[in-house]
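Asks: What follows is each chain in one-letter form.
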Amino acid sequence: MTMPRISYLIKLLAFLLGLVVTLEAISYVATRVVIKKAVTQNARTELLAGGELFSRIMQKNVEQLALSVKILTEDFGFKEAVTTQDEKTIISALNNHSARISADIGVLITEHGKLIASDQNFALQVDDEFLALTARAKAKGQAYDIIRVNGRAYQFVMYAVKAPVVIGLAGMGFEIKKEFSLDLKKLTGLEVSFIHRDGTEMRYLNGTLKAEYLRDLLKQLPQHPALGEVFIYDDLMSLAVPAARQNENVRAVLQVPLSEVLAPYSRLNVQLFFLALTFSLVAALAAWMLARSVTKPVTLLADIARRIAGGFYATPIAVQSNDELGDLAKAFISMQKAIGEREQQVLYQSEHDPLTGLPNRLRIFPELQNAISRSLAVKQNVYLLVMDIKNFTQVNDELSQEIGDAVLRDVGQKIARIITHGEVLRLGSDEFLAIMMAADADAISETIELIHSAFKTPLVISGIQVSVDVNIGIAAYPSDADSAETLLRRASLALNEGRISERHSCWYQAGWDEQHLRRLHLFREFESSLHAGYISLYYQPKINLEQPDTLGAEALVRWRHPELGFVAPDEFIGVIESSGQITLLTRWVLKTAIAQLRQLLDEKIKITCSVNLSALDLLVDDLPAYVAELLQANRVPAENLYLEITESAIMREADKCLHNLQRLRSLGVTLSIDDFGTGYSSLSQLKKLPVSELKIDKSFILNLDASADDQLIVRSTIELGHTMGLSITAEGVESEAIKTVLKQYGCDTAQGYLYSKPLPAADFTRWVHDYLKALQ
Amino acid sequence: MKLCIATAPLKLCKKIIALIVLACYCGVIQAAELQLRVSDTQGRPLKDAVAALVPEPKPVFIQPLTAVIDQHNKMFVPGVMAIRTNTFVRFPNSDDIRHHVYSFSPAKKFELRLYHGMTAEPVLFDKPGTVVLGCNIHDSMIAYIYVVDTEFHAVGDVQGNVHIQAPAGNYQLHIFHPRLTATGPELPVILSENAPLQQQIKLDNLMSEAGEKSSDEFSGLFQ
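Quick note, the sequences are listed as chains A and B, same order. In terms of my numbering, the first sequence has 1681 at position 659, counting the first letter as 1, and numbering is strictly consecutive. In terms of my numbering, the second sequence has 365 at position 89, counting the first letter as 1, and numbering is strictly consecutive.
Excised from the complex, chain A in its bound form:
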């Protein structure tokens, strides 16, 4: 599981922003809560103040009423009117005094209980509450209460009229009416409702409250019976205050809608919100800048680290701060420097040979490219010299590895001292390389001469004189090659050619490389061609000169490649021998030839078949077993199979392959020596080999009828062979004349165009039939 990549900037930003937003949110909410609490508290205080104001107004009213009633009762004229029961005068006096204080009603009750009122309707509708107040006034001389008459509530004060004994009761009242609640609302800003409690039932008298709220108010009131205590329902903060201390049945309910109270603060709320938002944005900006101040240098350093990873160590790093990031930048500077130095060291070590101190093979192409690119500008040629120490293996083996190393070191140093204008490198083992630039080859030839002459004096190593010589192969750019790779390959080819031809120095010749490449091509194509059937066997007849019906055939490999065309056996056999593929080819040839032999034998043709072996085949131990297996499998008698080995090959490796040759011979297979006369056979070696046949190379035969030398060699070879008990076959017999000469010399068998060129299997079979038919 891979975590999604979240940049540090985002993380830091998210953290800081989260912090600020949280703080702002908390402070916003806290402020809101505090404001709401304060406002609510304020509203509560106002409500209580409103309640107090209401109580005081009621008290003032009572005092006003009491004062007025007292003045009335003490008026001498009024007293006189009361004693004389002068009703009209009494009513007028009541009206008069009521008007002074805007009282709503004035009454007088005579000592006989008659009720005279300024409003006759009032007099008719008084009931228990009024009578109770009257009784109290009579008993105490004065009384105050809230009374209800005909559904209206009054503040009522009553006094006894004394002259000087009680002659009646006078009273005045303020109705608790809607105007009062409106006044009260104007003073306090509170909603005012006057409520009368009748037992458990609440009755609305009047007030400022809107009709739609009344029902709820009346429903709520019984649940909040306590007076003077604030309660809240449906967003209404409420307070019930008794209209008089001794009468709680009539009460004023003061209310303030919280939403109304909070309304001015909702604007503050919005401002607070925007303030919080602004703070958050500013904080975000600050957080972003802070985060950037951290991440920007880090990103920069990360970029530099990537450049260092990419191998560039010279990025300038400016240290601007003295903090941890500055430390990091300084550490980067020293790291960059240290890595750069170390890489230089590693590079130097990897590109230089520790033994000689010379640049090693890794430097070859860079140096070559460098030289080539420079050469164009200065119009000079680049010469590449590949050198090896001719007898180094010998030195190493015969002396010691330490001396070998010392030789390498001294040789390298010597060459480097001679080639001052150019680069000297060590290619590997005992091979050195020099890259030089010159206008023509003469200067190079001089240098080469200098090198050779320098090695004429032996090296002295640990007191031992060691003679060394060097081979040099030279190729030039642009005349010999058009690229560094080609140049190196061709110089190496030249060295090889020189080594083969035993020259100290060898200049590359045009075509060598193409040949070399063709060989490589053949090598690559061989196996697939074998499988594809591009390689086939041709057969050339061998005729016994004494008994023409005794037939033999030599199996010859032919390769027809669709692109390369006909490939000469001499060319490709050498290639596959060097690549080790020869055993593969040999086995295929053996298998095919033996199968063909079987086929011919089946047709009642008495014939032998020769197959060429390479010296390498004889080094493989299981060849005799393979041959035996094939013969057995095809039920071919061993005496029908001839195996040919070239003279040069068998002489080179005689000792090593003797064992296998003997095993093959013991199978009953006939062994013959091919191309006899071209190698350097010694008679003693020849005598050791279990061979039965010699094949004289065609170079001696082709001009046999005309060349006396050839006649001498051939005749003496035949005689020698016969002396050693070997049968002799001549190759390259192309004319009757030559055949006659050979027959005259006693040659046993002839092979050549006189009889037939090599033929494909089917043609060869046909040829055999024709031949045998012609003989009869």
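In short, the hints are calculated from the structure, not lab data. Wrong hints could be hidden among the right ones.
In silico EDC-like pairs for lysine to aspartate or glutamate, Cα to Cα no more than 16 Å straight-line [stated by the list, open to error]:
1. B:LYS384 / A:GLU1102
2. A:LYS1162 / B:GLU427
3. A:LYS1160 / B:GLU485
Given the coordinates of chain A, assemble chain B onto it according to the supplied hints.
Replies: Below, chain B without anything else, positioned relative to chain A:
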């Protein structure tokens, strides 16, 4: 209305007593005494109780008498007084401030407007009944004049004792008191010269004393 009179021996020999009274009345007038003790129903003595013995038939008084109620220290002195019908009462003013004496009582309505010293004319009380006097300026000033159809009347002391000297005979005893809210009790009594008639009288329907006090204060309204 209840009236409890302890008349121990009389009930047994009503006829004898009746004869004695008749003899006193017709023959030599023999002095007798009524000793009353007036209290409230709890037995607490009532001061300023007024008792009057009205003989039967009611005598007619031609010769006017004179009585005085002074005004001193914003008080009527005496505050309670009983007089015989057809009595002139003078209202001298001993204070250095003016008073405005009035009465709205049915028995005698009058008004003596603001005056000093002896300038007020005497007022004749010619009808029996209770006359309550006030001063229009000073509400606290109050006096009770009980006008009765007899010369045998007296005002009780602080212990509620009322003593009346009268010839032996049959009377209707009237009791008055300023705190009575209704008409005072009337009962027949027979005085003999042998021994003073002692009676215990308990009055109910009395006004409370405290009720009079805080009449000037509003604070009373809120108690």
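Asks: Each hint needs a verdict: does it hold in this structure or not?
Replies: Here's how the hints hold up against the structure:
| no. | hint | result |
| --- | --- | --- |
| 1 | B:LYS384 / A:GLU1102 | holds (14 Å) |
| 2 | A:LYS1162 / B:GLU427 | violated (37 Å) |
| 3 | A:LYS1160 / B:GLU485 | holds (14 Å) |
In the structure shown, a violation is registered for the earlier hint numbered 2 alone.
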